[in-house]
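Given chain A, put chain B in place with the hints provided.
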Amino acid sequence: MAGADGDDSLYPIAVLIDELRNEDVQLRLNSIKKLSTIALALGVERTRTELLPFLTDTIYDEDEVLLALAEQLGNFTMLVGGPEYVHCLLPPLESLATVEETVVRDKAVESLRKISQEHSPVDLEVHFEPLVKRLASGDWFTSRTSACGLFSVCYPRVSSTVKAEIRQHFRTLCSDDTPMVRRAAASKLGEFAKVLELEYVKSDIISLFTALASDEQDSVRLLAVEACVSIATLLPQEDLETLVMPTLRQAAEDKSWRVRYMVADKFSELQKAVGPEITKNDLVPAFQNLLKDCEAEVRAAAANKVKEFCENLPEDNREQIIMTHILPCVKELVSDTNQHVKSALASVIMGLSTILGKDNTIEHLLPLFLAQLKDECPEVRLNIISNLDCVNEVIGIRQLSQSLLPAIVELAEDAKWRVRLAIIEYMPLLAGQLGVEFFDEKLNTLCMAWLIDHVYAIREAATCNLMKLVEKFGAEWAQNTIVPKVLGMANDPNYLHRMTTLFCINALSEACGQEITTKQMLPVVLKMSNDQVANVRFNVAKSLQKIGPVLDSNALQTEVKPVLEKLASDSDMDVKYFAQEAISFLALA
Amino acid sequence: MPSAQVLQPVLKMKVDELFLNWLSDPATQSLLKDYLELIKSGQHIDLCSKETQDKRSLSFNENNNVASQKNLSEKKHVALSSPASASTLPSGSSSNSRVTGPNGRVLRRSVSTKKAQVRTEEPITTALSESIPKFYFPQGRPQANLNIDGLISKIEKIFSQFPNERATIEDMGQVAKACECPLYWKVPLFSLAGGDRTGFISVHKFVAMWRKTLQTCHDEASKFVHLLAKPGCNYLEQDDFIPFLQDVVNSHAGLAFLKEAPDFHSRYITTVIQRIFYNVNRSWTGKITCSELRKSNFLQNVVLLEQEEDVNQLTDFFSYEHFYVIYCKFWELDTDHDLYIDQKDLARHNDQAISHRMIERIFSGTVTRDRRVYKEGRLSYADFVWFLISEEDKKTDTSIEYWFRCMDVDGDGVLSMYELEYFYEEQCQKLEAMAIEPLSFEDCLCQMLDLVKPEVEGKITLRDLKKCKLCHVFFDTFFNIEKYLDHEQKDPFALMREMETYGQEISDWEKYAAEEYDILVAEEAANDQCNEVYDNPLSPLGQHITSELGLTKRHFFEIPSPHCNLDLDEYEYEDDFE
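Residue numbers (full-length UniProt numbering), protein chains in the order written: chain A, 1 to 589; chain B, 1 to 578.
So here's chain A without its partners, still in its complex pose (with noise of 0.2 Å):
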């Protein structure tokens, strides 16, 4: 070991090394991630001669500790000795972009491309481009994969010669016999058309674009049409109809549902580079296919899209696209068979109310808005209840309580229990939609009355579903309308009921504050000590332990520690168990 002879402040450097090819993956990856340290201790003459040599031998490892060197050396650059030197660092991540393991590739490109912006253009010539050459041409698709997210890096500052070679080695790797090579041509097309001059996206890179989008395969079909965003946008808009249209045209009815997935999704982007006109006369029919594709997954994407799709549409005829277009479309997906594309739809379908105004959101959209809020998915309805704000803003509150309140007012009183409790769920949401003036006056009884519903599950959830309301509208909106009926509940015959009460507290006492919990809520409690069922007065003791932190300690001292003494001698054995723990929880024994 180091230490033994040498200087001993150098042994951890020493041990780091050594721990670099230890047994142990788990001391490797440490050694690894302390890389830039030894590298520091090492100075960048050995960093380069040997640290990096070394590391290069040694690159067949688990892939972790692989991941975590590709990643580490695209930070090296200072401790090899500046943009000088940074080539040093391409041997290992040559080797690193070819390993097995895809991610560890990955990583290896990235700190490639990373490091690539600190060669100077001579040494990205002599150095960096011969490399990204060697990836391109090797034996296995893994390295050919690799060399394709490198092309755009290092094009913009090579001189015109080199420019042809890069190109031309795209355009040999957009042929690839390996469809996985191809597809990861088709992953950077987009990319790489952007650091291209404009003649020769229109030469080289829309045939490629258009053989790419009817490869055999639909892996690289679909990666096709996100290239085709970028190239849109790099073309003037004459060029568009001839020489991206088609293409896109044929993308929107491809055989592979997952090829218009991708169009579906990434819909919106390109709307916006083809432009208004293209759009309504391609678009919008391409669109209505999309809302109505036999797929599922297709449907739902475009779902997704509505409400983007028809905020972008050109203003002078967007409402009368939208109406006569898409809205029937949209009408026929509330009532999907598919709860992903209802949800989908039930998640933007509140925004089209903001484009199209007040007469049609409440003539067309609103039977939709209540279809959606029946549905029997609660995911559906969430998405519903989750955007009424913008709802709001366009029709106004009065409107949205005539029209939607009825329905979840029905919900709320509705004969399964799991649906009451998925209403209850929502209700604090809603509170914080609709504000509390409306809450208090048609709200406020639903969650009151729910607090002695005869389900447990949902008198629990009605009592959280306070809590949450008190965080939101503060202690004194507590005090005036919660707190007073809540404890009303203390002397309701029921013993259930009652309990509840206790309940109630346990989950209000904090959000209330302490002069309320002592004031009005304690003396109720402590009251409660007396009830002849032996249930509610342990409860009473365990309400007592839960409150007792936010009581001060006179109140403690003088009005808890006697009942909870009381009770600790209680007949029952319960009671007294929890009477006890109470005690000694609050320390007061």
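Worth flagging that the hints you see were computed from the coordinates, not collected in a lab. Keep in mind that a hint or two might mislead.
[What the hints assert, rightly or not] Below, simulated SDA-like cross-link-like pairs (lysine to any residue); rule was C-alpha separation at most 20 Å, straight line:
1) K469(B) with D63(A)
2) K154(B) with E165(B)
3) K467(B) with D61(A)
4) K295(B) with L29(A)
5) K33(A) with K469(B)
6) K34(A) with T49(A)
7) K134(B) with T49(A)
8) K280(A) with L235(A)
9) K34(A) with N21(B)
10) K33(A) with L32(B)
11) K33(A) with N21(B)
12) K542(A) with A422(A)
13) K469(B) with E64(A)
14) K287(B) with L29(A)
15) K467(B) with S137(A)
16) K134(B) with E50(A)
17) K453(B) with A435(B)
18) K163(A) with K194(A)
19) K466(B) with D345(B)
20) K33(A) with E437(B)
21) K194(A) with S230(A)
Frame of chain A; chain B shown alone:
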């Protein structure tokens, strides 16, 4: 560390260790980055707690840097750029140095990342760096007291016995031993000294060559690579092994029966080379480096070759029986015997057990280096070796990588649901054709995800499969109907037991090769019984008996089998074997 060491340095080591821990902490690094940013923009950093120490160490370094003492933050660089100040302080005041130490070095580090400061920084780093021992030995770690002259004189002594002090290939065994090398290094030694051109080597040439080797290569692996590699290369390619292996064929006792059948030499050699690359070249680069060689057991096997008379005991690379099995399997498929098979041929392997979709993938260029496989749709014998070993042993890392490459149709590094569905579809059709009700894809998927337990749900990566001890079941489910049914019918407890003994017993490949070999031999025996030449049950053990009896027999495709004597006249080689 020796136990005699006093406490003091250990304490310092601990301090350093703590410092390193602290330095490599992400929070520290982000803090330091912030400082660095501030310093770069010329702002003042408020480190009042360190003010006093700064002053102290400032005087320390006064003449180090004049230009940069413009503001306090700059001074701090200089002050703290002396890591030695912390480590050379006597441990009595170590509490003090502990405080400065970290900050000092940290700032030193930030200095080093600032180019303008490198000049003042360098000497210190060098001092620090010099005391770290060399750790990278691409050619192996040099031995401290290697007496090269002693070794050389031993070699010269051997040469002096030869006429004209020249060694021919027959003498090389002795020379190799004098060089303290395994016997079968003899031909590479001969060739590197120029013997392959002249037919003999002179003592001068050899000694010069060997002296250079000893001076540059310090372990077995690097010597071996040096001997076999092409000039200027530090890695081995497939063809580099040919002379070495040809010599094994020519001179190993266990392969003596093959001597008279030169046409099979290249097949055997091809097989061994593929097996070497399959096992050793774990990076798939086609270039075996020293470090790959060190990690493998290949060189140990070369040593064993010398001690073990029966090559069949060397199951990792050299076994003739294994070659025999692989070659017979290929021969069965290669109906036109041109040493290439197409998709239809490969599909017949093991009675159509492997799905067409998988066969297509094997021909798609993902697992074969030669582009002709895809372009011309034909698979060479060498590629078949990889296929068969992967197919029959799905537990090794190379095999898992092989099949992962095939199953990852889009090459994104993840086996996605649609890829699994693609392969499973065909399995379902096959099962239905066999009147077996297939499991629905969803159910199968659940089972397989439970089996593999991928780290990210629904995304199976290569790493997940390498960690999964039942990944062979996973693969067979998706493309090998026969093995899938075997697994399905297997007693689950047997599977559990198999998992427990994982890695201890002999490999699936060895099991397969042994069984198949017995079957092939039995088939031949059945053929032979018609001839009534002899009725010796042809176990591999029968080899000596038969050869002693001098019996001859014909094989169904005329490949020399180690268990029988050969009579060359009996053979009529196919033309396309040439």
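Hint check, failures only: Structure breaks hints 5, 12, 14, 15, 17, 19, 20.
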